[in-house]
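*Asks:* Given next are the chains, with one letter for each unit.
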Amino acid sequence: MSDGVEPVLDVRDLKTVFHTRGGEIHAVNSVSFHLRPGELLGVVGESGSGKSVTMMSLIRLLPSPPAEVRSGTVMFGGRNLLKATDRELRRLRGREIGFIFQDPMTSLNPVFTVGFQIIEPLRKHMGLNGAQARSRAAELLDLVGIPDARRRLRDFPHQFSGGMRQRVMIAIALACDPKVLIADEPTTALDVTIQAQILELVKDLRRQLGMAIVWITHDLGVIAGIADRVMVMYGGQVVEQAPVRELFADPRHPYTRALLKTVPSVRGQREPKLKVIEGQPPMLGAHPAACPFRFRCEHAFDRCGDENPLRRDVGHGHDVACHWNPAETMVAHG
Amino acid sequence: MADGAREPLVQVRGLKMHFPITSGLLRRQVGAVKAVDDVSFDILPRETLGMVGESGCGKSTTGRAVLRLYDITAGSIRIEGAEIGSLSQTALRRLRPKMQMVFQDPQASLNPRMTVAAIIGEPLDEHTRWGRRERLDRIYELMDAVGLNRNFANRYPHEFSGGQRQRIGIARALALNPAFIVCDEPIAALDVSIQAQVVNLLEELQERFGLTYLFISHDLSMVRHIATRVAVMYLGKIVELAPREALYADPLHPYSQALLSAVPDPDPSLAEKVERIILTGDVPSPSSPPQGCNFCTRCPQVMPVCREIEPETREVSHGRFVACHLHDATHDPTGGRTPGTRQEPNQQGVTR
Chain F
1 MSDGVEPVLD
11 VRDLKTVFHT
21 RGGEIHAVNS
31 VSFHLRPGEL
41 LGVVGESGSG
51 KSVTMMSLIR
61 LLPSPPAEVR
71 SGTVMFGGRN
81 LLKATDRELR
91 RLRGREIGFI
101 FQDPMTSLNP
111 VFTVGFQIIE
121 PLRKHMGLNG
131 AQARSRAAEL
141 LDLVGIPDAR
151 RRLRDFPHQF
161 SGGMRQRVMI
171 AIALACDPKV
181 LIADEPTTAL
191 DVTIQAQILE
201 LVKDLRRQLG
211 MAIVWITHDL
221 GVIAGIADRV
231 MVMYGGQVVE
241 QAPVRELFAD
251 PRHPYTRALL
261 KTVPSVRGQR
271 EPKLKVIEGQ
281 PPMLGAHPAA
291 CPFRFRCEHA
301 FDRCGDENPL
311 RRDVGHGHDV
321 ACHWNPAETM
331 VAHG
Chain D
1001 MADGAREPLV
1011 QVRGLKMHFP
1021 ITSGLLRRQV
1031 GAVKAVDDVS
1041 FDILPRETLG
1051 MVGESGCGKS
1061 TTGRAVLRLY
1071 DITAGSIRIE
1081 GAEIGSLSQT
1091 ALRRLRPKMQ
1101 MVFQDPQASL
1111 NPRMTVAAII
1121 GEPLDEHTRW
1131 GRRERLDRIY
1141 ELMDAVGLNR
1151 NFANRYPHEF
1161 SGGQRQRIGI
1171 ARALALNPAF
1181 IVCDEPIAAL
1191 DVSIQAQVVN
1201 LLEELQERFG
1211 LTYLFISHDL
1221 SMVRHIATRV
1231 AVMYLGKIVE
1241 LAPREALYAD
1251 PLHPYSQALL
1261 SAVPDPDPSL
1271 AEKVERIILT
1281 GDVPSPSSPP
1291 QGCNFCTRCP
1301 QVMPVCREIE
1311 PETREVSHGR
1321 FVACHLHDAT
1331 HDPTGGRTPG
1341 TRQEPNQQGV
1351 TR
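Going down the list, the sequences are from chains F and D.
Under the numbering used here, the final residue of the first sequence carries the number 334; numbering is consecutive throughout.
Under the numbering used here, the final residue of the second sequence carries the number 1352; numbering is consecutive throughout.
The set of hints was computed from the structure by calculation and includes no laboratory data.
These numbers come from a predicted model, not from an experiment.
Note that beta-carbon positions come from the ideal geometry of N, C-alpha and C, so glycine has one too.
Some hints here could point you the wrong way.
[Claimed, not checked] Think about it this way: if two alpha-carbon atoms lie no more than 27 angstroms apart in a straight line, the pair counts; the simulated DSS-like pairs of lysine-lysine are: (1) F/Lys273 / F/Lys203; (2) F/Lys261 / F/Lys275; (3) F/Lys83 / F/Lys124; (4) F/Lys275 / D/Lys1016; (5) D/Lys1273 / F/Lys203; (6) F/Lys15 / F/Lys83; (7) F/Lys261 / D/Lys1016; (8) D/Lys1098 / D/Lys1016; (9) F/Lys179 / F/Lys83.
[As the list claims (entries may be wrong)] Residues from chain F that face chain D, not an exhaustive set, calculated with beta carbons under 7 angstroms: (10) Glu46; (11) Thr193; (12) Val222; (13) Ala224; (14) Arg245; (15) Arg257; (16) Val263; (17) Ile277.
Just chain F, with the same shape it has in the complex (with noise of 0.2 angstroms):
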């Protein structure tokens, strides 16, 4: 999948489970995806689909117990990140992998300034005094948009709004200069005016700076705007993966399509009836040897619960989860 460049992220075969009173939750079920230097990567799917708990294992956020990242290798930097000790990974975060979170109330620590949080990683990590880091805070700040950046260093989180407390967020995650960013719904606690702010922001900072992104989200309209590429997640597993513009001209798996049927647009238009993904999103109990959308799958056949589909490529860049195939009726079993 690496297509000649050596991409800066590597995720084969990711497991998590959680252990809970009910039993096993695979939360992330064989999840393999790369990223290459510069791009940025959108992760799509609902609420229990994965994404986040996908990101936050792969630099192993999570807490243990009740999570266990069962199997699986994460290549960064020629090392596998899930074999890395305590100490490796507390230098890597924020260091070298940057974390935005989806709501900015709750992640930043309300008893401390703004400059205080950008300058910690600044001193820990990159290691300059007080004054150098002081004023390279200032200019982060400045780079994200807050205006009069020195003065506001001093000020606590709840002086500013939500959108401008996104953008110290993102600073933060710029502080040392990481290779990669991982950004979990970072805009959908926003407006949508704010957030669309935080895009065009984001826009010019990968211009600038050329790290390569993670943008994890529901909202497959900021997907449209932003992405270079796509991968749709859905009940712990990736069904769909492809450069955006082939995603959204030519879905494949039938959730992809149905989603992006049932999302309503402000231009274009108007259907007179929303189309409909009857059903409920699944329970991650069981272990799943089938696909997790067959319930909900309006071209669900036997093979579909007797058979997890694996990914197959289907040209472009693309790639698919899914035993159904359109063509297939010509084309014989491989």
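Starting from the structure of chain F, add chain D where the hints point.
*Replies:* For chain D alone, kept in the frame of chain F given last:
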């Protein structure tokens, strides 16, 4: 604002909802949060009025105030011709069956200790004197109507998924055959694939029972789908109110334009073509709104007059209302714009 042919079912005039800010030992009032400030609109029978805006714009407060869940600061609310703006809560109680509400968070708005049957039946206990049999029949009927399995009548809310819980909330709202339902962000807490199910259900029920909705949402694409007419709110005021197609095709107020242009499109080829108006700054506090037009601090087309005089709401064409100096009566009826050509936003509208 009436259509002429039909009398409005809901008529709101000059609605104000100010929450006092108190300070000091004596709780002296030192200011007010003007959550809703002079809002007027009509809702015709069997139509859906969409109400959109960003968090804090006062859309939910408007919805709750219209049902008199608050004691309003000023204004008149008439439902089926009867004035309810000044009624006491006791007097209101008799009218409650006619007007109901579906809340945003189905997790929080259903009592976890009550079974589904008890939740749906509670309005019946309060407002009817039905016997057990009659009551149970009605509960089953309602569960059928919203697509819940009758066998689940004795289960508790936590045993249901988000979408199903919202169906319970809808069944409860329908219990007393209301004419008017305020839907306050009914799909905001639901997954994308479930949202369409609930919206389609609301549409079916509207058709079947002749319901009138006030549909409050921040999801502009869903409002475009469900609403007949749409009101856009900003900082406690309606800045524009128009039929759905007119608003989405050609928004007149600079805020509506920015809001609509900010919605990302699930289509990469469209995403590049859309000219986005990126607003700078944040919404001012509703306790100290700016002088003049509320939007003057962020408006890409701001003029000196906007910082001094508050624009009046005008009907610029049939059924289209807008509160903006760009569309003042001194201009021609199209507000100095030829339909279809869009004025270029100035530099204030673009992020650095």
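*Asks:* Determine for every hint whether it applies to the structure shown.
*Replies:* To see whether the hints hold, each was checked on the structure:
no. : hint                  : verdict
1   : F/Lys273 / F/Lys203   : 35 angstroms, violated
2   : F/Lys261 / F/Lys275   : 6 angstroms, holds
3   : F/Lys83 / F/Lys124    : 23 angstroms, holds
4   : F/Lys275 / D/Lys1016  : 39 angstroms, violated
5   : D/Lys1273 / F/Lys203  : 16 angstroms, holds
6   : F/Lys15 / F/Lys83     : 14 angstroms, holds
7   : F/Lys261 / D/Lys1016  : 40 angstroms, violated
8   : D/Lys1098 / D/Lys1016 : 23 angstroms, holds
9   : F/Lys179 / F/Lys83    : 20 angstroms, holds
10  : Glu46                 : 4 angstroms, holds
11  : Thr193                : 5 angstroms, holds
12  : Val222                : 5 angstroms, holds
13  : Ala224                : 5 angstroms, holds
14  : Arg245                : 5 angstroms, holds
15  : Arg257                : 12 angstroms, violated
16  : Val263                : 5 angstroms, holds
17  : Ile277                : 4 angstroms, holds
The structure fails hints 1, 4, 7, 15 (numbered hints given earlier, in ascending order).
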